[in-house]
Amino acid sequence: MSTSIAPTTVMPGRGRLGAYGWWQMRDYLINKGIATALIMGLLLFLSWTALRGAEAQMAAQGYQESLKPIIDLGFVEFMSNLILFGVLFATNGIVSEDRKFGYYKFYFSKPVSVAGFYGQKFAVHVAGLLLVAALMLVAHALVIEPRFPPSFFPVAALAVIGLAGIGFLVSAVFTLDWISLFAIYAAAQIGWTLYGDDPGIRGTLVRGLPPVHQLRDVYGAVARGEPLPMDPLWWIFLYGLACFFVGLVVVSRRRLATS
Amino acid sequence: MIEFAGVGHTYRNIIGRTVRAVDDFSLEIPVGEVLGLAGPNGAGKSTLIALMLGFLHPTDGRVTVGGMRPREYAEQQGVGYLSELVNIPPGWRLEHALARYAVLSGVPSRRQRARVNELIEQLGLGEHRGKKVKQLSKGNLQRLGLAQALLRDDRVLVLDEPTHGLDPVWTQRFRDVVQSLRRPDRTIFIASHNLDELQRLADRVAIIDRGRLQRIVETRTATPDMPATVYHVVVARGAELMGDVFPGAVALGRGEFELPPLEMEALNHGLSVLIARGALIVSVNPAHSALETQFREAVGARLA
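Line order of the protein sequences matches chains A and B. For the first sequence, the numbering used here gives the first residue as 14, with consecutive numbering after it. For the second sequence, the numbering used here gives the first residue as 16, with consecutive numbering after it.
Bound conformation, chain B alone (with noise of 0.2 Å):
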């Protein structure tokens, strides 16, 4: 569906260097996919965001998107956009800039009110309807702008730090808005810093950095030869037994320990040797997720 070929972007910057934000980028994301992508500030996400949208031209290779160049699908098929900084111009009122987004995505005139509405009412902006954007907080902007973005019925869906700015509630409200857009004819595109985010969202998580693609993680897959991860572990009995079970777990009060890093192998034997000794377990989870890890090893070295 969306396809980069030996992608490379350079610009000159406000001092007339050249500077190369995407270079060598090759990546295919297939109809249905949830993609997210990582990499520090600086890597080139949003870069390859406006690439893939045709706010740019590549220097080298090619995108594309559905099989057309990204501003020919764009213009034909629109695509469901939330920017990293949401720019709409502050004197427009929060309703009247959804009716008018509603307009140029097509939303035809006898269903647009409506549609504004269940948006307005579906992302609890309604007591702000009346407001001017620049009255907006960052949270409720961010909203709009995720709405704009949900107006039309889009196969592609582009966001690019989305709950940047959103309260908890609002980020976890906005998890939920992704898995429920979810669909077999959907790509959907999220660029975040935030890994855990991505780790619950994506399928797969394409790690960038210096504009190069790093690595690509599958979130989804827990494989028996996963590497070694420190654990936590929190029991409501048999504490007493961790050291003994696990050599080097580390007690960090109220039942929690810190295991030193294990094999998955290893710690399914531990655990259950545990279980077997009457210890009961709450809860098991990694220190980071495997997606942290493996964005700490992509980049983290550099930026350590």
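Bound-form chain A, shown alone (with noise of 0.2 Å):
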């Protein structure tokens, strides 16, 4: 071994950001996309139990009617809890957690950009979410029934950038992330349902969250192949993106140290 580090032929000039896009896609599907599959394919699992249950029920009991609209009704669970649980998984710690454990202090010693660095995990783990989404729909299709609605992806991607942007602001702000990101989701909920005619104060406060709770009509048009209520669907997308290229300001401009 010798006493002296050989001078590299390395001239100073950016860091390969594009390349390492595939290291952040590997993080993910290693350290939140088996994961989300894993809930997935557990849910999956309970839905084929329950249809197959009720299947067994309506047979003992002379029943003859469809089980299309349970299914609908699964497909449309199937896809809710995808998209949520993705987005948690997928979001927790995409900022907060370099900061947390002192992990930028190498990423950002070299020469790459901080918000374009986090930009393009937000885009590597949307892109890798949408992924596992399309194993999901085949592995739906393998245990409850083939089905492979053409508006899944663009309705997937959507609902996944608009929910991910929230997450994505409040882990560029917050720490406990997954935890802020699912509590403004169950407010955006049960305030839309409840306060969302309000005229008042209330309904003025609710109509400034995403309206989540109109997802689910969403996906339901996408389980039934009817037209898309696109509305709902533009207002989160739109809502998400705006919140994600706020949090790039946030992490651009943000101190990387806690003290």
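It should be emphasised that the hints constitute simulated quantities derived from the structure, not laboratory data.
Taking lysine-lysine pairs in the DSS-like style, the calculated list, with each CA pair at most 25 Å apart, reads:
#1 A:Lys113 / B:Lys146
#2 B:Lys149 / A:Lys113
#3 A:Lys113 / B:Lys147
#4 B:Lys153 / A:Lys113
Dock chain one against chain two, each of which comes alone in its own frame, and use the hints as you go.
This is the structure we're talking about:
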């Protein structure tokens, strides 16, 4: 072993952030994608058990009705859970973990932009989640029934970007990000349902939250192959996109160290 | 190259109390210099480094690196940085960790594998290349931290407590590495508790305490008017002459003596007399280095 470090021929220049996207995808799939797939696999198994139970019960009682409405409802649940849990996993710690554990120190001593790094990480996690969604759709087809609605991916992409954008902003600002995102989601769901039509201050406050309560109607239209109610979907997408860009401003302006 | 101009940094601690971590700190570090930063725990060393890398923003004054704001410089040019705590995700494998940092450093893909292998070899990490970060000892983790800091040809190197956790062999090797990294177009900044290390490596050492610059010590210059210093002298022959030539010299055994505080003129005169009278001198060393003496003067009274 020599006692000196051989000079490198690397010339000063920018980091290869695009190439780092493959590592970010690997991290997503190992740390978050597998967890999302396992949870969705478990939920699919529970749906399958419930469906087989219902089939057996109906057959025993001599009912001849189709199970299609139940399967449609199951597909809505499947899509709703896939997107909600997928986004919770995908955005949990997306920014906050690096700050909390100090990983930012070596990333950002390298010639890469903070906003570029996290913007790309967000895009990779969204793409990774859509990849997992594709695998889960195949799993759904194998376990429940073959169903590949053409609007599944466009709707999933818009909803994922919408919800993940909010998650990204939350992670850029707080440490307890998945709890905060879930709290926002639950507050929007309950708030819109209870006070969405309220003309008073409560209604005004609730209308500042994304209309996530309408996502089930959109997923229902996907399941039944009906025309999509696009207004709430665009609303959520643009809301999340705006949150994502605010999050980028936060990560590029906020100090990285804690003290 | 690196300039701190009246820099201050204040933050609120966990109980909401305002803490002044750095106060009115001004210092210029020219290109080509190795600058050491010494100070007791909590003196503000790590805060200064975070300001230099743009991880923190000064609440007063200005920090520039290469004429740019620190974050702007780091994003355009990169900084070779080894932090005091080596924060790398514990599930990463050593070789993969270096490959990732090489990509972020901009090492071209055709050179990446070779560069990673060179550093693994040169820092003695070959047998650990497949291990996860959480399986590495403190010393190996520190060497991994140093390896990632050296991936590219950065003009600015910032090393925070670089020998923390290294064994004596690797501490010495690290010093050799830093010597080999000296270059006229490179600025090296080393923060350390180890004054002996800074004395050996740095051209100048800035001593800070309670966030303020206390003094700057030139480590390379020995001037005739240096203050009186205690010396240790070892003789192979002529021990019986020591008391005559240096009144107050204390015998420590095996030919070693501690001389009372002497100015350089008096020391040299005494040594010449000893030699003229047949003594054989093995070594003459200050009991405390000039840096240690200055450090004690600057912060020792408060810490005593």
